[in-house]
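Participant: Modelling step: build the complete structure from the supplied sequences, incorporating the hints.
To convert, note that position 46 of the sequence shown is 46 in full-length UniProt numbering; the numbers rise steadily by one, no gaps.
Treat the hints with caution; some may be incorrect.
Distance ranges between label pairs, derived from CB positions [unchecked claim]: (1) Q57 <-> I86: 26 to 32 Å; (2) I23 <-> I64: 34 to 40 Å; (3) A73 <-> A34: 26 to 32 Å; (4) I91 <-> T41: 34 to 40 Å; (5) G35 <-> Q85: 28 to 34 Å.
Hint data in this document are derived by calculation from the structure and do not stem from the laboratory. For clarity, every value in this text was computed on a predicted model and none was experimentally measured. For every residue, glycine included, the Cβ atom is placed at its ideal position computed from N, Cα and C.
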Amino acid sequence: MTLSEIVLDENEELLKFPVGGLIIITIVWVFICAGTSLYFTLISFTTIGFGDILPSQPDYIAHIAICLLIGLALVSTVINVIKQQIEALAIDRF
1 MTLSEIVLDE
11 NEELLKFPVG
21 GLIIITIVWV
31 FICAGTSLYF
41 TLISFTTIGF
51 GDILPSQPDY
61 IAHIAICLLI
71 GLALVSTVIN
81 VIKQQIEALA
91 IDRF
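Facilitator: What follows is the structure, encoded as C-alpha cells:
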C-alpha cells in the first residue's frame with residue numbers, strides 16, 4: 001500500500017465521522033448551560049465579579065469541574081473534527 005492510498009483511506013474514514021451528531025450534542029450542551037454561562041461571562045469580562053455564582057457545597061465543586069472538562073473536551077473535539085474535514089475537502093478539490 002502506498003502513502004497516497006493510506007491518505008485516501010484516512011480521508012474516507014474521516015468523512016464518515018458523524019459530525020452532525022457532534023454538532024447537535026455541542027449545541028444542546030451550550031443551551032443547557034447558556035443562561036448561567038452568559039451571565040458568568042459578562043460579569044467576568046467586565047471585571048465586576050460579584051461572587052454570587054459560587055458552589056455552596058464541596059460536592060458542587062466536583063460537579064462543576066466535571067462539567068467543565070466535558071464541555072471543553074466536547075467543544076475541542078467538534079472543532080478538531082470540523083477542521084480535519086475542511087482540510088480533507090480542500091485537499092480533494094485542489
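Participant: Evaluate each hint against the coordinates.
Facilitator: Each hint tested on the structure:
One distance hint, 26 to 32 Å for the beta-carbon pair Q57 and I86, is violated here, with the actual separation near 44 Å. A hinted range of 34 to 40 Å is violated for the C-beta pair I23 and I64, which are about 24 Å apart. Between A73 and A34 the beta carbons are some 19 Å apart, a value that contradicts the proposed interval 26 to 32 Å. Under the hint 34 to 40 Å, the C-beta atoms of I91 and T41, about 36 Å apart, fit the expected range.
Checked against the given bound of 28 to 34 Å, the beta carbons of G35 and Q85, roughly 31 Å apart, stay inside it.
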